[in-house]
Amino acid sequence: KAGVTQTPRYLIKTRGQQVTLSCSPISGHRSVSWYQQTPGQGLQFLFEYFSETQRNKGNFPGRFSGRQFSNSRSEMNVSTLELGDSALYLCASSLGGASNTEAFFGQGTRLTVV
Amino acid sequence: ILNVEQSPQSLHVQEGDSTNFTCSFPSSNFYALHWYRWETAKSPEALFVMTLNGDEKKKGRISATLNTKEGYSYLYIKGSQPEDSATYLCAYLGRGTYKYIFGTGTRLKVLA
Numbered sequence: 001k002a003g004v005t006q007t008p009r010y011l012i013k014t015r016g017q018q019v020t021l022s023c024s025p026i027s028g029h030r031s032v033s034w035y036q037q038t039p040g041q042g043l044q045f046l047f048e049y050f051s052e053t054q055r056n057k058g059n060f061p062g063r064f065s066g067r068q069f070s071n072s073r074s075e076m077n078v079s080t081l082e083l084g085d086s087a088l089y090l091c092a093s094s095l096g097g098a099s100n101t102e103a104f105f106g107q108g109t110r111l112t113v114v
Numbered sequence: 115i116l117n118v119e120q121s122p123q124s125l126h127v128q129e130g131d132s133t134n135f136t137c138s139f140p141s142s143n144f145y146a147l148h149w150y151r152w153e154t155a156k157s158p159e160a161l162f163v164m165t166l167n168g169d170e171k172k173k174g175r176i177s178a179t180l181n182t183k184e185g186y187s188y189l190y191i192k193g194s195q196p197e198d199s200a201t202y203l204c205a206y207l208g209r210g211t212y213k214y215i216f217g218t219g220t221r222l223k224v225l226a
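Protein sequence lines, in the order shown, are assigned to chains E and L. Position 65, counted from 1, in the first sequence is what our numbering calls 65; the numbers after and before it change by one each time, with no gaps. So the mapping is simple: our numbering equals the position in the second sequence, first residue as 1, plus 114.
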């Protein structure tokens, strides 16, 4: 069974540009969560989607947005990139976002903003 | 602001030693606690999902306990091996929130 796939794996962008990251969940999983990890910080929750609906959003500026498609694939977009957006972005999928279902993580997209 | 704290931040042990780490989380509105192992250059891997006060889970040499009333969970590793070297993360889920709050992790290094 294929795991969670994130593309691209690495990305270099310039300040002010925008970027779209993609996450393909495990087949049958309907919940996708996104996280940001910066040096010295834990995984910071960005948002969670289930069946194309955003159920929760973390404390990030409006430049960070996401969406989920009918096939459960999800994208996140960051507009007007800042140097501080340089981070590892991870997505995780699970069956339904319920407490008793474990989440499976992708390998992440490492974004560098220069 | 909900806080999930893990201690210690890092730990070096000798091969064969047993060790344990702590995850502290809010005791109110508790729904679940997850433990993950994150090895360098890999994805975080789920170890345990814990939901009930008094839960004890075990996978090989690794086990975990849960106390939801006082808001803590312990992860134990018996007879540590070099391949146990990783960062161990816990994540708290509040009821109805669909939002996992992660601790900053305990980085374990097992010396051969």
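Hints in this document: simulated from the structure, not taken from any laboratory. All C-beta atoms in this analysis are idealised placements derived from N, C-alpha and C, irrespective of residue type, glycine included. Careful, some of the hints might be misleading.
Below, simulated EDC-like cross-link-like pairs (lysine to aspartate or glutamate); rule was C-alpha separation at most 20 Å, straight line [stated by the list, open to error]:
| hint | chain 1 | residue 1 | chain 2 | residue 2 |
| --- | --- | --- | --- | --- |
| 1 | L | Lys-213 | E | Glu-102 |
| 2 | L | Lys-171 | E | Glu-102 |
| 3 | L | Lys-213 | L | Glu-197 |
The following label-pair restraints were derived from C-beta to C-beta distances [said to hold, decoys possible]:
| hint | chain 1 | residue 1 | chain 2 | residue 2 | range |
| --- | --- | --- | --- | --- | --- |
| 4 | L | Asn-134 | E | Arg-15 | 41 to 47 Å |
| 5 | E | Arg-30 | L | Leu-166 | 23 to 29 Å |
| 6 | E | Gly-16 | L | Asn-134 | 24 to 30 Å |
| 7 | E | Val-114 | L | Lys-183 | 25 to 31 Å |
| 8 | L | Asn-181 | E | Arg-55 | 23 to 29 Å |
| 9 | L | Val-127 | E | Arg-30 | 35 to 41 Å |
| 10 | E | Gln-44 | L | Ser-141 | 21 to 27 Å |
Just so you have them, the derived chain L footprint on chain E, three or more residues with Cβ under 8 Å [as the list claims (entries may be wrong)]:
| hint | region |
| --- | --- |
| 11 | 18-27 |
| 12 | 64-75 |
(request) Could you check the structure against the hints above and give me the numbers of any it violates, in ascending order? (result) Hints 3, 6, 7, 11, 12 contradicted; others consistent.
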